[in-house]
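Got chain A; can you put chain B on it based on the hints?
Protein chains: 2
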Amino acid sequence: MANPTLQTTYEPPGSSSSSTFTLSFNLPDSRPVSPSPSLFSESSQTTMSSYTSNSKPALARQSTAEVAERDYFHENPAPAALEEHTAQAKAFIDFHAAADRRVVLVTSGGTTVPLERQTVRFIDNFSAGTRGATSAEYFLEAGYAVIFLHRQFSLLPYSRHYSHTTNCFLDFLHESSDGSIVANEEYQEKMQKVLRQYNAAKESNLLLTLPFTTINDYLFVLRSISQLMRTLGSSGLLYLAAAVSDFFVPPERMVEHKIQSTNATDVQKEERDAASNEEKEEEVFDNFDSSPAVPRSKRLIVDLDPVPKFLKNLVDGWAPEGMIVSFKLETDPEILVHKAQYSLERYQHHLVIGNLLSTRKWEVVFVAPGKKDTWIRVPRSKRTRPISGTVSASDGEIGEKPLDPKDLPEGDPEMEIEGLIIPAVEKMHTSHIQNAVRIPL
Amino acid sequence: MANPTLQTTYEPPGSSSSSTFTLSFNLPDSRPVSPSPSLFSESSQTTMSSYTSNSKPALARQSTAEVAERDYFHENPAPAALEEHTAQAKAFIDFHAAADRRVVLVTSGGTTVPLERQTVRFIDNFSAGTRGATSAEYFLEAGYAVIFLHRQFSLLPYSRHYSHTTNCFLDFLHESSDGSIVANEEYQEKMQKVLRQYNAAKESNLLLTLPFTTINDYLFVLRSISQLMRTLGSSGLLYLAAAVSDFFVPPERMVEHKIQSTNATDVQKEERDAASNEEKEEEVFDNFDSSPAVPRSKRLIVDLDPVPKFLKNLVDGWAPEGMIVSFKLETDPEILVHKAQYSLERYQHHLVIGNLLSTRKWEVVFVAPGKKDTWIRVPRSKRTRPISGTVSASDGEIGEKPLDPKDLPEGDPEMEIEGLIIPAVEKMHTSHIQNAVRIPL
Numbered sequence: 001m002a003n004p005t006l007q008t009t010y011e012p013p014g015s016s017s018s019s020t021f022t023l024s025f026n027l028p029d030s031r032p033v034s035p036s037p038s039l040f041s042e043s044s045q046t047t048m049s050s051y052t053s054n055s056k057p058a059l060a061r062q063s064t065a066e067v068a069e070r071d072y073f074h075e076n077p078a079p080a081a082l083e084e085h086t087a088q089a090k091a092f093i094d095f096h097a098a099a100d101r102r103v104v105l106v107t108s109g110g111t112t113v114p115l116e117r118q119t120v121r122f123i124d125n126f127s128a129g130t131r132g133a134t135s136a137e138y139f140l141e142a143g144y145a146v147i148f149l150h151r152q153f154s155l156l157p158y159s160r161h162y163s164h165t166t167n168c169f170l171d172f173l174h175e176s177s178d179g180s181i182v183a184n185e186e187y188q189e190k191m192q193k194v195l196r197q198y199n200a201a202k203e204s205n206l207l208l209t210l211p212f213t214t215i216n217d218y219l220f221v222l223r224s225i226s227q228l229m230r231t232l233g234s235s236g237l238l239y240l241a242a243a244v245s246d247f248f249v250p251p252e253r254m255v256e257h258k259i260q261s262t263n264a265t266d267v268q269k270e271e272r273d274a275a276s277n278e279e280k281e282e283e284v285f286d287n288f289d290s291s292p293a294v295p296r297s298k299r300l301i302v303d304l305d306p307v308p309k310f311l312k313n314l315v316d317g318w319a320p321e322g323m324i325v326s327f328k329l330e331t332d333p334e335i336l337v338h339k340a341q342y343s344l345e346r347y348q349h350h351l352v353i354g355n356l357l358s359t360r361k362w363e364v365v366f367v368a369p370g371k372k373d374t375w376i377r378v379p380r381s382k383r384t385r386p387i388s389g390t391v392s393a394s395d396g397e398i399g400e401k402p403l404d405p406k407d408l409p410e411g412d413p414e415m416e417i418e419g420l421i422i423p424a425v426e427k428m429h430t431s432h433i434q435n436a437v438r439i440p441l
Numbered sequence: 001m002a003n004p005t006l007q008t009t010y011e012p013p014g015s016s017s018s019s020t021f022t023l024s025f026n027l028p029d030s031r032p033v034s035p036s037p038s039l040f041s042e043s044s045q046t047t048m049s050s051y052t053s054n055s056k057p058a059l060a061r062q063s064t065a066e067v068a069e070r071d072y073f074h075e076n077p078a079p080a081a082l083e084e085h086t087a088q089a090k091a092f093i094d095f096h097a098a099a100d101r102r103v104v105l106v107t108s109g110g111t112t113v114p115l116e117r118q119t120v121r122f123i124d125n126f127s128a129g130t131r132g133a134t135s136a137e138y139f140l141e142a143g144y145a146v147i148f149l150h151r152q153f154s155l156l157p158y159s160r161h162y163s164h165t166t167n168c169f170l171d172f173l174h175e176s177s178d179g180s181i182v183a184n185e186e187y188q189e190k191m192q193k194v195l196r197q198y199n200a201a202k203e204s205n206l207l208l209t210l211p212f213t214t215i216n217d218y219l220f221v222l223r224s225i226s227q228l229m230r231t232l233g234s235s236g237l238l239y240l241a242a243a244v245s246d247f248f249v250p251p252e253r254m255v256e257h258k259i260q261s262t263n264a265t266d267v268q269k270e271e272r273d274a275a276s277n278e279e280k281e282e283e284v285f286d287n288f289d290s291s292p293a294v295p296r297s298k299r300l301i302v303d304l305d306p307v308p309k310f311l312k313n314l315v316d317g318w319a320p321e322g323m324i325v326s327f328k329l330e331t332d333p334e335i336l337v338h339k340a341q342y343s344l345e346r347y348q349h350h351l352v353i354g355n356l357l358s359t360r361k362w363e364v365v366f367v368a369p370g371k372k373d374t375w376i377r378v379p380r381s382k383r384t385r386p387i388s389g390t391v392s393a394s395d396g397e398i399g400e401k402p403l404d405p406k407d408l409p410e411g412d413p414e415m416e417i418e419g420l421i422i423p424a425v426e427k428m429h430t431s432h433i434q435n436a437v438r439i440p441l
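Those protein sequence lines, which keep their order, are chains A and B.
Just so you know, we're using the numbering used here here: the first sequence kicks off at 1 and counts up by one.
Just so you know, we're using the numbering used here here: the second sequence kicks off at 1 and counts up by one.
Isolated chain A, as found in the complex (with noise of 0.2 Å):
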C-alpha cells in the first residue's frame, strides 16, 4: 500500500485506514491553478446559475464553462489516436463541405471510466450502441454523410445486423461444391440488401467509422470533430447517442496498478500479528452504519469526480451554427421529461430526445424549445420489420403521455423507431438550415 496515489477518505472511527481502498479526487471544473476555497465555491455557483438563463453570455467574458473546458484537456491527456482520427474527419468534412452535403456526427455506444491506469476494472454505461448504429443507416439513407464516433467493438451500422446475435456469424456461412464460403440460402436476401447498402455508402465515402473506449477519449475527440464541423454552419448535425459517463477518475490520482481485493502481501503479516487478534478486530471491524459490520479491509469504494459539464460549449463555441441533437435516457418514468426540459435549458441544445431503458425501442420523446413535448411511438399496426427503408414520421403515434411498459409485447418491435426518429429530425434540421443566419468565421 506504498502508492503513493492512493488517498483514503472518510475514515470512520476505528477503522483500518491502510487496507481501504478509497480513490478520492478533486473537480477539474472551474479549477484555478491555485484556487482559494472561496474563489473555487464562487465561480462554481456562477456555472449554476448562468445556465438557468436563456441568454447567452457575453463573448468577451470567458465564462465559467470556457474554463472548465480550459481546464479539462489541460490536465488530462489526449489520446494517442487523436491526430489521426481528427485528419480523417477533417478529409471526410472538407470532402461533404465543399459538395454542400449534410453532415451529421452520430456518437454511440458506451464510455469506460478506467478505476487504474493498467486498467483492469472500469466503469461503463449499458450501451450496446444499437440507437446509434440504427439512427446511422436511417441518416445514410436520407443522404446525410455520417461520422459514425463509436465505443470499440459496439454494434456498427451494417454489420449490427450479424455481429451481437445469440447466432455465431459462421452460423450465416456454409462451404459450397466448390469449397467456397458462402451464406446460407435463408440469408442470402437480407444480406445482398445489407451489403449493398453497406458497399455503397463506403464507395461514395459517406461512411467514416472512428472508435473510442474512455471517457476521456471521446471528450476529446468530439471536442476536435465539433470544431472541424464549424466548416459546415448549419449543414451540421450533432446526434449525440453515446452513453456518456458523467464521472470520471482524473489521471494525476489514479492508481497505477490493479486494486488488490485480499492484500495477499499482508497475509504474512496478519499471521505475526495473530496474538494481537483481539485489537485488530476492533481495528478492522466497524459499525458505523445502521447495518451488521464490514470488515473496511475488505471493501472498495471508488470516490468520482462529476464529467465537467461543457457540453454547452458545444453550442457557444465548438460548433456554434449547427443543430444540436442530445439524448436523455432514465429509468424512471416519473423524472424523464423534467430531466429532459432541464437539459435542453442547461446546454442550449435544439433537441433533447428522452428515452427509458425499458421502452426506448418503442418510444422517446422530443424535447424542443418553445414546442409541446412529443412522443414519437412505433405504431403497434407495424407487424413486418422493414432492415430499412425510409418511413415517414407520420405513420408513428405520436402522443403527449408516456406508455405503459406493461402494455408492450414481449421482445422487439416489429420496426426500428429510428425509422420514424430520423425523419423527423431530418425536417428539423432542414427549418433550422432555413432558419440560420450565417455568422462570418
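Treat the hints with caution; some may be incorrect.
Given that identical chains are not distinguished, each listed pair holds provided it fits within a single copy or across any two copies.
Said to hold, decoys possible - Mimicking DMTMM-like on lysine to aspartate or glutamate, the simulated pairs with C-alpha atoms at most 25 Å apart in a straight line are: (1) K309 - E116; (2) K193 - E203; (3) K406 - D332; (4) K361 - D373; (5) K401 - E256; (6) K309 - D332; (7) K406 - E116; (8) K406 - E256; (9) K90 - D171.
Please keep in mind that the hints were generated in silico from the structure rather than gathered at the bench.
A quick note: this is a predicted structure, and the numbers were derived from the prediction, not measured.
Structure of chain B alone, referenced to chain A:
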C-alpha cells in the same frame, strides 16, 4: 432523493448530505440473521486463518466458506436463464460422460457489477475473452468436449477470428455475379479452415456455449455446472479464465433507478434558495481532504462489498475430483507470483496460471503445488502464426523469470500462447486422472 434504498455514509463535516450518492453495503459473507458485531468479526477472522492452512477442514463441521456459500445463494436471486442453462449443461455432460470423454468447463470474459437495479451503469473487468475463446479451440483440438461459459458478446471460439477485428465483418464478403454472397478470395482459405473446425465441433456436439453477464449470473451457473461435473470424476477439468469481479453490490441495497448526477429536481429549490447563497456554499463545498475543494453534491461514491471467496468450494464440495485451473491477472510484476501462490494455497486449486496485463499474450507462469514456478512463453523465433494446430509444450521457451515488457516487439506475437498452455494443462490433467483415487459419490 426520497429513495429509501440510498444510504448516506462517510459524511464529512459541512457536506451536503442530501445530494451525495453513496451506496453502502454489507458483507453477506458469514452473515448470521441477527448478527452481533463480535460474532461477525469472529467468524470472518476464522475465514482468514482457516484459508491459510493447507489441511482440509473436517467434513462434519460446516466451514465458513460453506456458510458464505449458503448465504450468498440464499440472498441473491437466481438468474432467469439458470434452469435452462443447467439443463443444457446436464445433457451435454451426460452425453460425454457416457462416452468417457474428458470435459472442460472454460469460463471466459469479464463479469459486470450492476450499480442500479434497472442497470444503466456497471463496473466491468477488462476482458475481450481472447484467452478463453482461444483456449477453447485448443481444448477441442486436444479431444475435449468444451462448455464455453462466456460473457455475452465477448469473443467466441472460431468466430473470434472475425468478430472483434478492426474490419467490419461485411468487409470479408462480396456479391458474386450470380447474386450470392461469397467470402472474398483472400479470406477463403482461412475461413474454410475455421468454418470446418466450427462445424465439426457443432456436429459432434463437442461445444456448448452458454452466456452470462453479471457476477451473480456467473456465480450461480458456475456452481450448477461444477456440481453437474461431479459425474465426470477426475475427467472433468475446470479452466477458469473469466475475469471475475472481486466486488459486488448486494441486491437488497441496490438503488432501483439510474443514479442522478445533477439533481434536476433540486434546481428549482436551489433557485428558491438563491437568497441564502452564502450559507449554501458553506454547506456544499468542503475541504476536508488535502486537495482543492469539491462540491460533495456532484460526486459519486460507490462502496462495494467483497464477493465471498467460495471458490475453494469448487474443490471441497462442488467438483471434488475434477482438476481445477484458475488464472490470476495482475499488472504489477512485483506481486504476480506471490498472488498466484496465495490463490493456490487459499483455494487449493491444482494449478494457478499467473499472467500480466502487458505480457499476457507472450508469457504466463504456472504455479502448482510442490512444483517450481515455471514461465511458459512464446519463442521469439516463431514467425508464422497458426490459426490452430496443437503445438507441443517443448516448442515454447520455458524459464524462471518474467520477461521485461520493454523487450517485446509491438503488437501481438506470431503464435498463440494458448497453443503452449493447453498441451501443458492437458498433460497435468492426464497425471491428475492417473493419480486419482475415485471417491464414491
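These are the hints, each one checked on the structure:
Taking CA atoms no more than 25 Å apart as the test, K309 paired with E116 passes in both settings, with 23 Å inside one copy and 23 Å between copies. In the homo-oligomer, the alpha carbons of K193 and E203 lie at most 25 Å apart inside one protomer (15 Å), although the nearest pairing across protomers, at 30 Å, exceeds that limit. Proximity of K406 and D332 under a CA criterion of 25 Å is satisfied intra-copy only: 14 Å inside one chain copy versus 50 Å between copies. Taking CA atoms no more than 25 Å apart as the test, K361 paired with D373 passes inside one copy only; the shortest distance there is 18 Å, against 53 Å between copies.
For the identical chains of this complex, K401 and E256 are inter-copy neighbours only, at 22 Å across copies versus 49 Å inside a copy, given an alpha-carbon limit of 25 Å. With identical chains, the CA atoms of K309 and D332 are at most 25 Å apart within one copy only, with a shortest distance of 22 Å there and 35 Å across copies. Within a single copy, K406 and E116 get their C-alpha atoms only as close as 41 Å, which misses the 25 Å cut-off; across copies the closest is 20 Å, which meets it. In this assembly of identical chains, the alpha carbons of K406 and E256 lie at most 25 Å apart only when taken from different copies (17 Å versus 47 Å within one copy).
When the C-alpha separation of K90 and D171 is checked against a cutoff of 25 Å, the pair qualifies only between copies, where the shortest distance is 24 Å, while the shortest distance within a copy is 39 Å.
Hint compliance for this structure: every hint is met.
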